[in-house]
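So you can see what is in the structure, the chains are spelled out below.
2 protein chains.
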Amino acid sequence: MKRNLFLSLFLVNTIAVLAQNKDQQFFKEIYNSTLTNSKCYSWLDHLSNDVGARLSGSTGAQKAVEYTKKQMETLGFDKVYLQEVMVPHWVRGEKETAYIQDNKTKIKVPICALGGSIATPQNDLAAQVIEVHSFNELKSLGADKIKGKIVFYNRPMNNAEIDAFDAYSGAVDQRYAGAQEASNLGAVGTIVRSMNLKLDDYPHAGGQSYGDISKDKYIPTAAISTNGAELLSKTLKTNPNLKFYFKQSCQTLPDALSYNVVGEIKGTEHPENIMVVGGHLDSWDLADGSHDDGAGVVQSMEVMNVFKNLNYKPKNTLRVVLFMNEENGLRGGNKYEELAKANNEKHIFALESDEGGFTPRGFSLECDDANFDKISKWKPLFEPYLIHSFTKGHSGSDIGPLTSPEIVKVGLKPDSQRYFDYHHAANDKFEAINKRELELGAATMTALIYMIDQNDID
Amino acid sequence: MKRNLFLSLFLVNTIAVLAQNKDQQFFKEIYNSTLTNSKCYSWLDHLSNDVGARLSGSTGAQKAVEYTKKQMETLGFDKVYLQEVMVPHWVRGEKETAYIQDNKTKIKVPICALGGSIATPQNDLAAQVIEVHSFNELKSLGADKIKGKIVFYNRPMNNAEIDAFDAYSGAVDQRYAGAQEASNLGAVGTIVRSMNLKLDDYPHAGGQSYGDISKDKYIPTAAISTNGAELLSKTLKTNPNLKFYFKQSCQTLPDALSYNVVGEIKGTEHPENIMVVGGHLDSWDLADGSHDDGAGVVQSMEVMNVFKNLNYKPKNTLRVVLFMNEENGLRGGNKYEELAKANNEKHIFALESDEGGFTPRGFSLECDDANFDKISKWKPLFEPYLIHSFTKGHSGSDIGPLTSPEIVKVGLKPDSQRYFDYHHAANDKFEAINKRELELGAATMTALIYMIDQNDID
Numbered sequence: 001m002k003r004n005l006f007l008s009l010f011l012v013n014t015i016a017v018l019a020q021n022k023d024q025q026f027f028k029e030i031y032n033s034t035l036t037n038s039k040c041y042s043w044l045d046h047l048s049n050d051v052g053a054r055l056s057g058s059t060g061a062q063k064a065v066e067y068t069k070k071q072m073e074t075l076g077f078d079k080v081y082l083q084e085v086m087v088p089h090w091v092r093g094e095k096e097t098a099y100i101q102d103n104k105t106k107i108k109v110p111i112c113a114l115g116g117s118i119a120t121p122q123n124d125l126a127a128q129v130i131e132v133h134s135f136n137e138l139k140s141l142g143a144d145k146i147k148g149k150i151v152f153y154n155r156p157m158n159n160a161e162i163d164a165f166d167a168y169s170g171a172v173d174q175r176y177a178g179a180q181e182a183s184n185l186g187a188v189g190t191i192v193r194s195m196n197l198k199l200d201d202y203p204h205a206g207g208q209s210y211g212d213i214s215k216d217k218y219i220p221t222a223a224i225s226t227n228g229a230e231l232l233s234k235t236l237k238t239n240p241n242l243k244f245y246f247k248q249s250c251q252t253l254p255d256a257l258s259y260n261v262v263g264e265i266k267g268t269e270h271p272e273n274i275m276v277v278g279g280h281l282d283s284w285d286l287a288d289g290s291h292d293d294g295a296g297v298v299q300s301m302e303v304m305n306v307f308k309n310l311n312y313k314p315k316n317t318l319r320v321v322l323f324m325n326e327e328n329g330l331r332g333g334n335k336y337e338e339l340a341k342a343n344n345e346k347h348i349f350a351l352e353s354d355e356g357g358f359t360p361r362g363f364s365l366e367c368d369d370a371n372f373d374k375i376s377k378w379k380p381l382f383e384p385y386l387i388h389s390f391t392k393g394h395s396g397s398d399i400g401p402l403t404s405p406e407i408v409k410v411g412l413k414p415d416s417q418r419y420f421d422y423h424h425a426a427n428d429k430f431e432a433i434n435k436r437e438l439e440l441g442a443a444t445m446t447a448l449i450y451m452i453d454q455n456d457i458d
Numbered sequence: 459m460k461r462n463l464f465l466s467l468f469l470v471n472t473i474a475v476l477a478q479n480k481d482q483q484f485f486k487e488i489y490n491s492t493l494t495n496s497k498c499y500s501w502l503d504h505l506s507n508d509v510g511a512r513l514s515g516s517t518g519a520q521k522a523v524e525y526t527k528k529q530m531e532t533l534g535f536d537k538v539y540l541q542e543v544m545v546p547h548w549v550r551g552e553k554e555t556a557y558i559q560d561n562k563t564k565i566k567v568p569i570c571a572l573g574g575s576i577a578t579p580q581n582d583l584a585a586q587v588i589e590v591h592s593f594n595e596l597k598s599l600g601a602d603k604i605k606g607k608i609v610f611y612n613r614p615m616n617n618a619e620i621d622a623f624d625a626y627s628g629a630v631d632q633r634y635a636g637a638q639e640a641s642n643l644g645a646v647g648t649i650v651r652s653m654n655l656k657l658d659d660y661p662h663a664g665g666q667s668y669g670d671i672s673k674d675k676y677i678p679t680a681a682i683s684t685n686g687a688e689l690l691s692k693t694l695k696t697n698p699n700l701k702f703y704f705k706q707s708c709q710t711l712p713d714a715l716s717y718n719v720v721g722e723i724k725g726t727e728h729p730e731n732i733m734v735v736g737g738h739l740d741s742w743d744l745a746d747g748s749h750d751d752g753a754g755v756v757q758s759m760e761v762m763n764v765f766k767n768l769n770y771k772p773k774n775t776l777r778v779v780l781f782m783n784e785e786n787g788l789r790g791g792n793k794y795e796e797l798a799k800a801n802n803e804k805h806i807f808a809l810e811s812d813e814g815g816f817t818p819r820g821f822s823l824e825c826d827d828a829n830f831d832k833i834s835k836w837k838p839l840f841e842p843y844l845i846h847s848f849t850k851g852h853s854g855s856d857i858g859p860l861t862s863p864e865i866v867k868v869g870l871k872p873d874s875q876r877y878f879d880y881h882h883a884a885n886d887k888f889e890a891i892n893k894r895e896l897e898l899g900a901a902t903m904t905a906l907i908y909m910i911d912q913n914d915i916d
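Protein chains in written order, with this note's numbering: chain Z, 1 to 458; chain B, 459 to 916.
Calculated directly from the structure, the hints in this document are not laboratory data. Glycine included, every Cβ here is placed at the ideal spot set by N, Cα and C. Don't take each hint at face value.
Unchecked claim - When the alpha-carbon atoms are kept at most 20 Å apart in a straight line, the in silico DMTMM-like pairs for lysine to aspartate or glutamate are as follows: (1) Z/Lys39 / B/Glu895; (2) Z/Lys198 / B/Glu889; (3) B/Lys486 / Z/Asp166; (4) B/Lys656 / Z/Asp45; (5) B/Lys656 / Z/Glu437; (6) Z/Lys149 / Z/Asp124; (7) B/Lys656 / Z/Glu431; (8) Z/Lys28 / Z/Glu437; (9) Z/Lys149 / Z/Glu131; (10) B/Lys521 / B/Asp713; (11) Z/Lys234 / Z/Glu137; (12) Z/Lys79 / Z/Glu269; (13) Z/Lys243 / Z/Asp144; (14) Z/Lys392 / Z/Asp373; (15) Z/Lys198 / B/Glu619; (16) Z/Lys379 / B/Glu841; (17) Z/Lys429 / B/Asp658; (18) Z/Lys198 / B/Asp503; (19) Z/Lys377 / B/Glu841; (20) B/Lys692 / B/Asp658; (21) Z/Lys28 / B/Glu595; (22) Z/Lys39 / B/Asp658; (23) Z/Lys70 / Z/Asp50; (24) B/Lys887 / Z/Asp200; (25) Z/Lys28 / B/Asp624; (26) B/Lys497 / Z/Asp200; (27) B/Lys850 / Z/Glu383; (28) B/Lys497 / Z/Glu161; (29) B/Lys486 / Z/Glu161; (30) B/Lys887 / Z/Glu431; (31) B/Lys695 / B/Glu595; (32) B/Lys771 / B/Asp914; (33) B/Lys837 / Z/Glu383.
Claimed, not checked - Far from chain Z by the CB rule (all over 12 Å, computed), these chain B residues: (34) Thr517; (35) Glu552; (36) Leu788; (37) Asn892; (38) Ala901.
Just chain Z, same shape as in the assembly (with noise of 0.2 Å):
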């Protein structure tokens, strides 16, 4: 008896010990076929340089439907097709001219129109500025100070903190909701310093909402250069009565008809079994989108060529979803699970990449203490790809909606020392993306993938 015990405990460290060495080998073989054979560089290349900016409803974001989807029918997928879903269509309009009027001098400063606001009365607006640093500030001056003014917020993001996602989310409430609470208190405009940690001239466009203030009091808003909100701040302090100036002419259009695209390999063993990976499609209208989030969608399809280069078939159901809307609305995300739901499907794992084309650290995962035990186990499988960081935390913003009750949610968490310096900026180019950490990323989003196609995910 007690032989069989030894020999049971042998043979069952054994066979652990042989599946360790047989994913060290593929690890090996996913690395190894990602930075030789890689297509994601070069796709990238085609949708930042020949598709370009792909806001929402653009005709930029209808070629990157089309670009993606004729790519993914080369990958051996056994379909690709397309989700439709109506997007909201704004269209920033001419471009913006701002100045600072000190007295008799004119200081031209770089703004852009927030995604979703309403243009300047009759094309301009002068007005008085007050700079507040946070809500509190605005609402404790209160309607008598504010009304007729411009309200400028100007909280810089936090230096201070390490993940620069941290410091974003310390400073973008003044950006999202800053022209409905200063509209409650009358002002006429609002000017948000850029979620930016850098000083330099690009303003960064990105989301605001009026949430549910009536129309007629949406007030325009824009963002404006870190140097140009350093800039204003100063001049205030010597000359507080100054006007400033501000023109933009972007408006809201119907909603326009467009797509999420999917490409789908049917599970060897569990077809039931649903993992997603994907970014999205769209980007702001200022540049390519080369790291937001052109990045998370050439990667995503290249976690398909990897598998397919390495003859790999996933045991459960794989789908690579190019979402469209996440940046001024997110309605391919919510549409993706509209029809999930619908179709009563399975989905055990959702992986996204959206922060960037930078060299990959490691995932955030969303799941039960369990999952996020067992996957934190794999650990030392990732380590000698210098994959070292496993936390709990947000997945991301297109797999947010999916609910199925055992699904692990996953983000790549790239390296985001760098990600603010083009974040939804017109320097969020191809130029700015590393062939190396872009193929980095992949072979780590396909080397979790695989991981959760061998293990069972409960």
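Mind docking chain B on chain Z? Use the hints.
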């Protein structure tokens, strides 16, 4: 008795926890101070944009000595001084030219002379080309096939490596010893594919050595851009008889007087124990060397600035050493060790930053197992700052000569993926530096030195 034992254990544990809390708190202060109140980025701005390239023996190198000495004098050291060192003085001369003569077509390609190379004879050289990928291949071809030819070394850095420095190590023999090996078989010149993982138009400089071949056998050697190498290789396939032409007018002048710059603050408890932190002040001549190694210089200076800002007085003596001539001679590192030995100094620790100003990932440690284990136990303090990697390996070239028996030598390990995009090339400029990444490196170095200073290293 038992009660006393419990009490003792309780006290020991309490002291350990308090020490850990104190360290955690001080780490927070270090990172906070560096990310919000550092000088390294503006120092580097000056060193890169005002001083510029700093090849040993050049005016730039002399200006860098003067500038950094002056800045160091503001940081609260007990003394700042120069160590005289004679350095090689190689000059590039006129910008090199090169072209492929493919029948009647002349195709210009970008090259740069390698450091220490001689000029082309009578200022030009034209010969048939033989492409090889290793010294073995070269030798197997033999003198018959090599004599009178230009040897073209074209083995790329291996993209499949995860750490870009491993890819560099696997290819750099071609650059370093290519000329001597080819000359031994009668070649008239060598052209070496640039040490670059990217395909682009930058030739990458770097040191080379003629070894012990006699002076009359020296042949001119240059690096060609990776795109140029691809083109030359492709053209050779269709026309093996093409001629390659290159012209360079570099020369080696008599050795020049230069300096290491040293700032020293005496330890409050163990002044006899010396801790060194440094980088190298010289750079190649094609750009300002912001990553190699302007970053390491200003990060090392920042360590003292952070200690000053936090009013931290080290228990052991701390020296910030800016070494001269790492790139083409290592004379500064050797001189430092020579003087340390002559003065019977006891070095307990040395830390070098010479792998670029990118996001820090960890440390490479040259020490015995006991110290490696001890330092690795500090990981939990570093992980909140995304410092995960503690490995045994090479520390740094300049601290390489240090041989105190009890010394622990460490190299900062930043993310390596982009390093060879810039290394020794004309694009290693200030624009390639991200302020936060540079600062995080400096903070990480400061934190390690603090831990070394607080804990006895045997």
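Hint check results:
1. Z/Lys39 / B/Glu895: violated, 29 Å
2. Z/Lys198 / B/Glu889: holds, 12 Å
3. B/Lys486 / Z/Asp166: Given pair B/Lys486, Z/Asp166 holds - Cα atoms ~16 Å apart, limit 20 Å.
4. B/Lys656 / Z/Asp45: Answer holds: B/Lys656 to Z/Asp45 is near 15 Å, not above 20 Å.
5. B/Lys656 / Z/Glu437: Roughly 12 Å separates the two Cα atoms, so the pair holds.
6. Z/Lys149 / Z/Asp124: Within the cut-off at roughly 14 Å; holds.
7. B/Lys656 / Z/Glu431: holds, 12 Å
8. Z/Lys28 / Z/Glu437: Distance ~17 Å between Z/Lys28 and Z/Glu437 Cα, so the pair holds.
9. Z/Lys149 / Z/Glu131: At roughly 10 Å apart (the allowed maximum being 20 Å), Z/Glu131 and Z/Lys149 satisfy the hint.
10. B/Lys521 / B/Asp713: holds, 18 Å
11. Z/Lys234 / Z/Glu137: Answer holds: Z/Lys234 to Z/Glu137 is near 19 Å, not above 20 Å.
12. Z/Lys79 / Z/Glu269: Holds, at about 18 Å.
13. Z/Lys243 / Z/Asp144: Given pair Z/Lys243, Z/Asp144 holds - Cα atoms ~18 Å apart, limit 20 Å.
14. Z/Lys392 / Z/Asp373: Satisfied, since the Cα-Cα distance of roughly 10 Å is no more than 20 Å.
15. Z/Lys198 / B/Glu619: violated, 32 Å
16. Z/Lys379 / B/Glu841: Judged against 20 Å, a Cα distance of about 15 Å means the pair holds.
17. Z/Lys429 / B/Asp658: Measuring from Cα to Cα gives roughly 17 Å; hence the hint holds.
18. Z/Lys198 / B/Asp503: At roughly 15 Å apart (the allowed maximum being 20 Å), B/Asp503 and Z/Lys198 satisfy the hint.
19. Z/Lys377 / B/Glu841: holds, 18 Å
20. B/Lys692 / B/Asp658: OK: B/Lys692 and B/Asp658 at ~16 Å, within 20 Å.
21. Z/Lys28 / B/Glu595: violated, 28 Å
22. Z/Lys39 / B/Asp658: holds, 18 Å
23. Z/Lys70 / Z/Asp50: holds, 15 Å
24. B/Lys887 / Z/Asp200: holds, 17 Å
25. Z/Lys28 / B/Asp624: holds, 16 Å
26. B/Lys497 / Z/Asp200: Satisfied, since the Cα-Cα distance of roughly 18 Å is no more than 20 Å.
27. B/Lys850 / Z/Glu383: holds, 15 Å
28. B/Lys497 / Z/Glu161: holds, 18 Å
29. B/Lys486 / Z/Glu161: holds, 10 Å
30. B/Lys887 / Z/Glu431: holds, 16 Å
31. B/Lys695 / B/Glu595: The given pair, whose Cα atoms are some 17 Å apart, holds under the 20 Å limit.
32. B/Lys771 / B/Asp914: Holds, at about 16 Å.
33. B/Lys837 / Z/Glu383: Judged against 20 Å, a Cα distance of about 15 Å means the pair holds.
34. Thr517: Holds, because the least Cβ-Cβ distance between B/Thr517 and chain Z comes to about 31 Å, which exceeds 12 Å.
35. Glu552: Given a closest Cβ separation of 31 Å, the condition holds.
36. Leu788: holds, 29 Å
37. Asn892: Since the minimum Cβ distance to chain Z is about 5 Å, B/Asn892 lies within 12 Å and the statement is violated.
38. Ala901: B/Ala901 is in fact no farther than 12 Å from some Cβ atom of chain Z, at 9 Å.
Of the hints listed earlier, those the structure fails to meet are numbers 1, 15, 21, 37 and 38, in rising order.
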